[in-house]
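Colleague: As a plain string of letters, each chain reads:
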Amino acid sequence: EPEVTQTPSHQVTQMGQEVILRCVPISNHLYFYWYRQILGQKVEFLVSFYNNEISEKSEIFDDQFSVERPDGSNFTLKIRSTKLEDSAMYFCASSGLGETQYFGPGTRLLVL
Amino acid sequence: EDQVTQSPEALRLQEGESSSLNCSYTVSGLRGLFWYRQDPGKGPEFLFTLYSAGEEKEKERLKATLTKKESFLHITAPKPEDSATYLCAVQAGTGNQFYFGTGTSLTVIP
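Line order of the protein sequences matches chains A and B.
Last residue of the first sequence: 112 (the numbering used here), numbering continuous.
Last residue of the second sequence: 110 (the numbering used here), numbering continuous.
Treat the hints as calculated values from the structure; they're not laboratory data.
From the three backbone atoms N, C-alpha and C, an ideal C-beta is built for every residue, glycine too.
Be a bit skeptical, because a hint or two may be false.
Unchecked claim - Some, not all, of what chain A presents toward chain B, calculated at C-beta under 7 Å:
1. V43
2. F91
3. F103
4. G104
Unchecked claim - Far from chain B, some chain A residues (derived; all Cβ distances over 10 Å):
5. P2
6. M15
7. R80
8. D86
Okay, chain A solo, but in the shape it has when bound (with noise of 0.2 Å):
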C-alpha cells in the first residue's frame, strides 16, 4: 500500500541553524501538506503547495519557514534559523483528487 514516508525521523539541532525536513509524498497524489504538532498540542496546519507553488499557509509559516518540490518525488519544509519553539512532531500529508489527507510518520525536531 502506498504511503508518505519522511526523513529523518529525528533532527537534533542548535537554536540559530538551519533544518531541512524531507518527505516522499504518494506517488500520484497532487497535493502536498506540512502540519506540526507541539508535545500535548494539536496538530497544526503550516502550508500546502499544489501545481509547484504555495496554495495556503497559516500564521505560523513566516518567513523563517519555506517549501519546495525539488524533484518529482521529493517536498522538503526549510526553517532558517531555528527557535526553541519549533521544537515539534512535523508531519508531512499528501492527498491526491479526493479530499482525504495521507500522513507521514514524521520527523521529530529538537532545538536546543
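Could you slot chain B onto chain A? The hints should help.
Modeller: Chain B in isolation, oriented as in the chain A frame:
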C-alpha cells in the same frame, strides 16, 4: 473562528465495553470530516471520511456518523489494540487545510 472540539479528552474502557467519542464543530461550509488514529510518536492514520449529515462509515469495530453539528466515533467491543488517540479533523470553505481537534486518548484495559 472555526473550531473543532473533541470529548472526552481521555477515556478508559474495559475490553468489550462499547462507547462513543464525540467531535463537535463550528465551521462554515463543511467539505469533509475526517477521523484518524494516532499512536504515540506516530503520524495520524486515516480511518474515515464523512461528507454529509446522515452519512455513516464502518470498519471492523469502529463506526463513524455525522450530523450537522457533530460526529461520533462508536467503538463496539473494543480490544486493547484499539488503545490510541483518535483525532477528528474538518475541512471547510475553499481551502484544503485541516482543522484538528485535540483528540481523545482511548485506553482499553484487558
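Colleague: Evaluate each hint against the coordinates.
Modeller: Here's how the hints hold up against the structure:
no., hint, result
1, V43, "holds (4 Å)"
2, F91, "holds (5 Å)"
3, F103, "holds (4 Å)"
4, G104, "holds (5 Å)"
5, P2, "holds (12 Å)"
6, M15, "holds (23 Å)"
7, R80, "holds (22 Å)"
8, D86, "holds (18 Å)"
Checked against the numbered hints given earlier, the structure satisfies every one of them.
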